[in-house]
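S.K.: So you can see what is in the structure, the chains are spelled out below.
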Amino acid sequence: MVVPIPHPAADPAAAIYTHLEGQGFTAAQLPRLLRQTADGEPFVPLQIQPSVVNGRPDLPVTLLTRSDPVRNWDALLSANSEHRKTAFSPLISLLVTQYDPTLAIGGRLTALQEVVGRETTALRKLHTQQQADYAHTCADLTQQQRALGGQKGGLMQRLIDGAFNAAKAIQLWNLRETQALKLDSVAAALEVLAAATAAIQAAQANLQQVGARVQHARRALHEARATQRQSWVVLHDWPPDLKLDHGRIAGLLAAQISTPAAALDLLFHPPASDAACVAALQAQAATDAQQIVGNLTLIGALEWQRGAEGLASDLDVQLMFGQAVLGVCCTARSLAWAGQPQGRRTLLQLTPDGQPWFGATLDRGALRSAGSTTPGLIGFLDLTEEIAPTDLALVRAALTALAVAQMQQNNSLFVELLPQAVPGGGPPTQPLPDVPVYHSNGHGPLPAAPTAGGVTT
Amino acid sequence: MQSESITLTRYQPAGPAPLASPPVAAPAQSDTLLGGLGTFGTLTAFRTAALCVAQGTLPPLFSLDNAAGLPSAVPLPDGRRLEFPLTPQAHLYLHSPDRRTQLGEYSLLTARYAPLLRGLSVAGTYRQGGYGGGAVPLLSLIDVDLHIAAIRTHVRRALQAAARPPAAAGGVLGALADRASQPRHPLFVLLTAGVSGSCGAALAQIAGYLIRQEAGRLGLPRPTVWLLLAGPQAFQGLTPRTLVNCGATLEGLQHLARHGIDRLGIDGQAIREAAPPYDYVWLLDDPQLPGDGNRVTDAELAQFSWRVAAAARLLLQPSIRAAYLDHVANREGEQTVEWPQFGTLQLGLGGFDPALLTAQVAAELACRRADALATVLAN
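Here the protein sequences come in this chain order: A and B. The letter at position 389 of the first sequence is residue 389 when you use this note's numbering, and the numbering goes up by one with no holes. The letter at position 196 of the second sequence is residue 196 when you use this note's numbering, and the numbering goes up by one with no holes.
It cannot be assumed that every hint is accurate.
[Said to hold, decoys possible] SDA-like cross-link-like pairs, simulated, lysine to any residue; straight-line CA separation at most 25 Å: (1) A:LYS243 <-> B:PRO287; (2) A:LYS243 <-> B:HIS95; (3) A:LYS243 <-> B:GLY291.
Treat the hints as calculated values from the structure; they're not laboratory data.
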């Protein structure tokens with residue numbers, strides 16, 4: 001995950017609280033959020049609705065006389081609690097990464113623990129108060145339930161006697177369900193904060209060990225980078241000819257990325273060894289680097305280069321770069337002609353998608369474009385055909401050198417090319433003169449052997 | 001005389017414009033074959049393969065050389081190394097420890113080389129080349145003749161690998177599947193060789209013919225074979241034979257382009273074809289070498305090899321060939337040169353290498369994160 005560099009806040013604790021509030025981890029929010037269904041709606045506990053049948057109250061006596069709440073929210077609270085517990089470790093990483101990067105992580109963990117501790121205290125207070133309210137409601141409801149369950153007379157008689165108040169009983173029963181839900185959700189929220197506190201404490205406990213491993217990793221990574229730079233230097237032979245400043249662009253690209261919160265997972269899952277710590281940091285960096293460079297086009301890279309060199313924005317860096325690639329890397333290496341330039345010329349401009357970037361007029365050919373299928377590169381392939389080798393100055397020099405060398409020993413590859421052969425390359429019409437050919441021991445000429453029928457070369 | 005200088009403008013769709021090549025389907029691996037001839041050609045073919053791997057493909061590859069001691073791997077920009085397939089399946093080592101004596105064992109070769117070996121002492125017959133010349137192409141041609149049967153087998157195996165998937169079921173259905181998997185389009189074969197060496201120069205004389213002949217025996221359509229010849233200026237100063245070998249190589253190729261070939265091998269099989277050896281022969285050189293004006297350095301030579309490899313990788317790409325062939329398909333007027341298949345090629349590339357940049361960004365990010373973590377964890 002790539003996280004933008006945050007603006008440091010003046011008060012880390014206040015900022016942390018603000019973030020906790022934004023994520024619903026405060027005492028005021030957490031119980032309510034734990035009571036939310038998957039649709040984001042508040043869970044509604046079972047409620048008894050008063051009803052009258054044939055002019056007489058119809059009471060669900062079995063339900064009404066339950067000694068405990070129905071508690072049909074257990075599964076919901078459990079699932080929501082687990083989700084929140086899981087979400088807290090990354091949140092801690094995010095919180096300690098953001099806000100005042102200069103503040104040491106130990107201090108930020110302490111600040112976070114304080115904020116979570118305050119919220120826990122507030123929740124406990126709320127829990128205590130809700131427990132008292134719940135107990136009071138339970139007592140009142142129990143009184144009604146006893147009245148309803150008494151042995152004296154029937155239901156109607158008890159209603160007439162006034163010992164049992166149906167409306168009140170229903171109200172108390174419904175209130176007990178509602179209060180029990182809130183109480184349970186606060187208890188679940190306390191569990192979540194307890195897990196968060198444990199995670200923070202674990203991170204604090206791991207701080208020293210992870211700190212030592214990161215120090216080692218830091219040295220190892222810097223050494224690895226230095227070694228890699230050496231190999232990159234060795235690899236300067238790799239195409240292309242005209243390279244953008246990879247090191248500079250890499251530095252600029254890397255500077256755009258802050259330390260991801262995921263890096264602080266090391267605090268919650270301490271690496272087993274120094275090597276594992278290095279590997280974890282390298283793996284994260286490799287993933288992010290692939291994403292960054294995968295989205296980088298040559299035009300984008302040229303803009304980074306422009307920025308790095310402080311070039312004016314109205315300078316056509318694409319054209320400038322293309323002209324340099326063509327001139328410095330391609331046509332400057334063209335072979336010299338023995339006389340006037342010859343042949344038919346095709347200049348292919350190679351662009352990532354095959355679409356032309358440039359136009360030009362050629363004397364003896366045309367400029368066309370083709371896709372190089374190589375992201376990040378443009379190029380020019382300059383092909384001239386329909387020429388004789390002797391059109392080239394260098395080939396003429398080579399043939400001259402061959403002619404001179406022939407005076408000392410034969411270098412031609414086919415008999416027909418020997419001076420004795422018939423001009424034009426046909427088979428020799430005269431027997432070839434004896435030539436000093438020797439066995440490997442250096443003695444005696446090889447016996448003459450008949451040429452195979454039809455074999456001339 | 002130098003080529004004309006070209007001034008680029010930004011492409012304006014409304015004006016006279018270069019044409020974009022028609023879209024070409026991604027190259028199927030079975031449609032191409034890459035071959036390295038001689039030490040320089042082999043190294044360059046391996047480097048071409050490395051560049052292809054960096055692009056996520058690897059064409060079928062074969063190589064032939066009579067010099068031992070090739071490196072075993074080539075580094076990739078992301079830090080990995082591509083192992084050279086110096087296995088008998090991919091690379092054929094034309095080992096002739098005593099070529100002069102071996103030559104005497106075959107009357108056919110004795111007669112062929114008697115006039116050609118004029119002026120060459122026995123000791124001179126044992127000169128070895130490697131990476132830019134030094135030996136005599138004629139001597140390597142003896143090695144080629146001595147190993148012609150093995151070369152044929154090697155070429156045939158490479159063609160089979162390029163023409164169809166390696167895993168074929170046995171039996172009648174397998175045979176039918178084999179036939180069904182024959183390519184509908186001819187193979188494109190690209191060979192790389194140094195023009196100033198010995199083995200690459202010798203192999204270049206007959207490789208094109210052998211490839212076409214063996215393809216015909218396998219029932220494959222006549223392949224298109226291009227030869228990419230590197231040098232000679234890029235090998236300048238390595239040996240006194242740089243220009244001489246170049247002259248001999250081009251002289252031989254020109255002779256074959258004019259007269260075709262009729263050559264019997266010691267395996268009893270003849271190469272007979274009244275055609276030029278290649279559909280195209282491209283000469284790629286770097287006249288700016290050597291940097292000091294006298295002798296190319298190892299670094300310059302390696303850089304040049306990568307340059308040739310980059311050009312070879314592009315030529316293996318069907319869209320590039322299509323764009324080029326589309327342009328030259330309709331020639332105007334008569335061809336006046338005697339060797340129309342000969343041309344020069346030059347490549348310039350610019351930009352960034354994604355693999356290299358990714359590696360650098362990753363290293364930079366890892367360091368920065370370790371720095372940041374170390375700072376915040378310090379207290």
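S.K.: Could you check the structure against the hints above and give me the numbers of any it violates, in ascending order?
M.R.: 2
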